[in-house]
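J.: With chain E held as given, fit chain X onto it using these hints.
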Amino acid sequence: MQAELATRSRQFTRARRPGAAEAVAGVLALFFLVSAIAPQVLAPGDPLAIHPLSAFTPPNFAHGFGTDESGRDIYTRVVHGTQYSLLIGAAATAIGLSLGILLGTLAGMFGRVVDFTVNRFLEVLFAFPGLLLALLFIVIFGPGVATATIAVGLSTAPGYARIIRAQLRSVRSAAFVEAATVLGRTRWQILLRHILPNTLAPLFVLATLGIGQAIVWAATLSYLGLGAEPPTAEWGAMLSAGRTYITSAWWMSFFPGLFIVLTAVTATVLGRSIDRRMRHA
Amino acid sequence: MSEQAALTVENLQVDFSAPVVRGVSFTIAPGECLALVGESGSGKSVTARSLLGLAGEKAHVSADRLELDGQSVLGLTERAWRVRRGRDVGLVLQDALVSLDPLRPIGREIADSLRLHSTLGAAARARRVLELLDEVGLPEPASQVRKLSGQLSGGERQRALIAAAIALDPPLLIADEPTTALDVTVQAQILALLQRITLAGTAVLLISHDLAVVSRVANRVAVMHDGRIVETGRTAQVLGAPRHEQTRRMVAAVPADKPRGSRLSVTARPTATTTATATATATSTDALPSPTRPTPAALPPSPAAPRGSDGTVVLEAVGLSKNFRRPDGSRQLAVDDVSFSLHRGTTLGIVGESGSGKTTTARLLLALVAPERGEVRVFGEPWSTASESSRRGSRASVGAVYQDALGSFDPRWSVAEVLTDSLGARRERRSSQTLKRISALLDEVGLAAAVLTRRPLELSGGQRQRVGIARALAARPAILICDEPVSSLDVSVQAQILDLLDDVQRERGLSLVFISHDLGVVQHVSDQIAVMRAGRIVESGPAGRVFAAPQHPYSVQLLAAVPRLSA
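From first to last, the protein sequence lines are chains E and X. The letter at position 138 of the first sequence is residue 138 when you use the numbering used here, and the numbering goes up by one with no holes. The letter at position 355 of the second sequence is residue 355 when you use the numbering used here, and the numbering goes up by one with no holes.
Only chain E is shown next, with the shape it has when bound in the complex (with noise of 0.2 Å):
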């Protein structure tokens, strides 16, 4: 017995250490966050700065990342360009989660009408492909980034919604619900202790997923011309600038390129970390 509860407390720290992707995507997200929220620790200069003497200048020692157009520095600009992508991430999911809740409850916990109801109008948001929603969305608003923020949200939530019924469902079976109510508690008492904490512990995981979706969807947007505008320091809109002269100045649109991959591929990593974590504990 002692022996195995101390294999079992080795395997917990064996699965808390760790590996070299998640080593990785920490320093990487530590350095988006640095980026977003002080951007000027780790790039000083203004991104809006114009140089035009020193356009097109190739990577070097004094421009890291080479300029643009206007002589801009890439570097600072990619740097102070995470905070909108960050942003319109986090806000993009936090809308779709909201409005998923919102729509998942709905279906899951009252009764047959409105579930059937329900189901029926996620089924026809999820026949539109998500971006196309986005971009439908944005052809009635008007770009911007707050549009285009709340597009990549709209179009994101039919997903967490199916999921959110799903989840409420199987919990709201569960065995421990059941005997909760043996023991005499309340329908309210059961729903906030039990079933929707249980519902949405797994649901952040997803977001966390979610967020590298929202992001590379808003800069795919901002590329398109729909979201933030040029000159704003905003990854799409610079990959969108630096298409023009993709065959002279490749690192133009090679450096908020990697960025996006980046940030999308560390909140993956993050996230599955986390989800595994989760299932292990």
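What the hints contain is simulated information worked out from the structure, not anything from laboratory work. Cβ atoms here follow ideal geometry from the backbone N, Cα and C, with glycine treated the same way. Watch out, some of these pointers could steer you wrong.
[Stated by the list, open to error] Output of the computed footprint for chain X on chain E, the stretches with three or more beta carbons under 8 Å from beta carbons of chain X: (1) 168-177; (2) 189-202.
[Stated by the list, open to error] Reference excerpt, derived from the structure (chain E facing chain X, CB under 10 Å, subset only): (3) VAL124; (4) GLY130; (5) VAL182; (6) ARG185; (7) THR186; (8) SER248.
T.: For chain X alone, coordinates are given in the frame of chain E:
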């Protein structure tokens, strides 16, 4: 050939990160059945898997000798093993539902091994499959071959699996807990089938945690404990005069035919304060060979102890009926006109096989579902007919203990949180008084305070059920509904939990409804018994009378099938 052992194992060692099997040796002759018994974690399944080259990639297997049918199988490659599996050794697993591909007809599953290992043509294979199904006693084989595993009952699936295992007539058959998931009557049939296979000349290695099961078929028994074989010998000798402490503990734990109130677990209840005494008791019984009395009772059996029933009816079911809608829309009667009454301080045992309506009855008693006809009354007051809000106040008087203890706890909560909540206190702030009540509860169910910080997932099966009982007791119930409370536990842990339930019943004057498929267990714990079949109570009465002179043919059949230590 026949002089040669079908299986020879000498000094088998299996290590994962830690040694799991440490120096196991045994042989099985053709036509002999050796039972490897032990509790979960004793290494018996790993031993069996090593004999098939299935111990897993992380396992390090070594042995002085490992011979199947006279040929060494040590260090065989995966390819070489594939040739042997099925041909030289067949395997039957516990859970036939997952061992058979749900999307393939069983006939094809059985034909697989014939197709891979023999030169039979398609028509000959089909004939052989029918023969095999007939051999294992599956009725109307011609109509069964095309069925999917999901369309068969548990016993039929197990038969199909055995048919697949013996298809090539292997000299050795390994059966790993082949009857654990089955009802008693079906279990008896499967055991008889294994016996026939043994008599036909096949060597059978039967792996089980249940001594009573193996006593029916095994010629020899090897008891495993902690990776070693601690005792081995003829079945009658091992079960009749167990020498090792572990064997004695397992023999004592078999509840069938033990008088009500006698203790099943060898050691005293390990409470937080008396761990030292408990070990002392264990060593003292160890030093005391008692071949004549297989029940080394640490506490004197006291069937006459005050089980004070004043005849008050605390719980009453009157003509309960409950329908269920089948997937095809038709209605099925799950519980049909069930009536009984439970007297204060006594135990009513409800026994029946799967699908007999036992669990639905439990849910009706707990008012988790409402009956279509009839009603449940608690202390003479309406219970099933009351509204949930008016019932909530009295819910504290009816507690429940579940089979799946783990599932009955919120997975996020620690034991401390579970118990605090069940005391009706706030989980976040625990007053010193709450803490005192929690430690009293833990003491009562024999758990150490160390479990408080753990979550149920980190506890053993027995500890979980103890927490489950503590939670049920927290609200000071008068009635406890126990639905298969010991079915998923090892025999010796089962014995401890049964003893614990007996203790708390006596100390608190509880009235118990004890639902189980296990007649042996029910016989041991019950004052009154109700035998259920297909939703109806076919026989009921005082436990002694029902077991001594069953009236209904089904009760007779059920009783005959109970595994006993028939040494």
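J.: All hints are to be evaluated individually against the structure, with a verdict given for each.
T.: Results of checking the hints against the structure:
1. A count of 3 residues in the segment 168-177 of chain E with a Cβ less than 8 Å from any Cβ of chain X is obtained; the coverage claim is therefore met, three being the minimum.
2. Three residues within the 8 Å Cβ limit are the bar, and the segment 189-202 of chain E against chain X gives 5, so the coverage statement holds.
3. Taking 10 Å as the C-beta cut-off, the interface hint given for VAL124 (chain E) is violated, the closest approach to chain X being about 29 Å.
4. For GLY130 (chain E), the interface hint is violated, since its Cβ never comes within 10 Å of a Cβ in chain X; the closest pair sits about 32 Å apart.
5. The beta carbon of VAL182 (chain E) is positioned within 10 Å of a beta carbon in chain X (closest approach about 5 Å), and the interface hint is therefore held.
6. Contact between ARG185 (chain E) and chain X, as hinted, is supported at the beta carbon level, the nearest pair being about 8 Å apart and thus within 10 Å.
7. Given the 10 Å rule on beta carbons, the hint for THR186 (chain E) holds: about 7 Å separates it from the nearest Cβ of chain X.
8. With its C-beta approaching chain X no nearer than about 54 Å, SER248 (chain E) sits outside the 10 Å limit, and its interface hint is violated.
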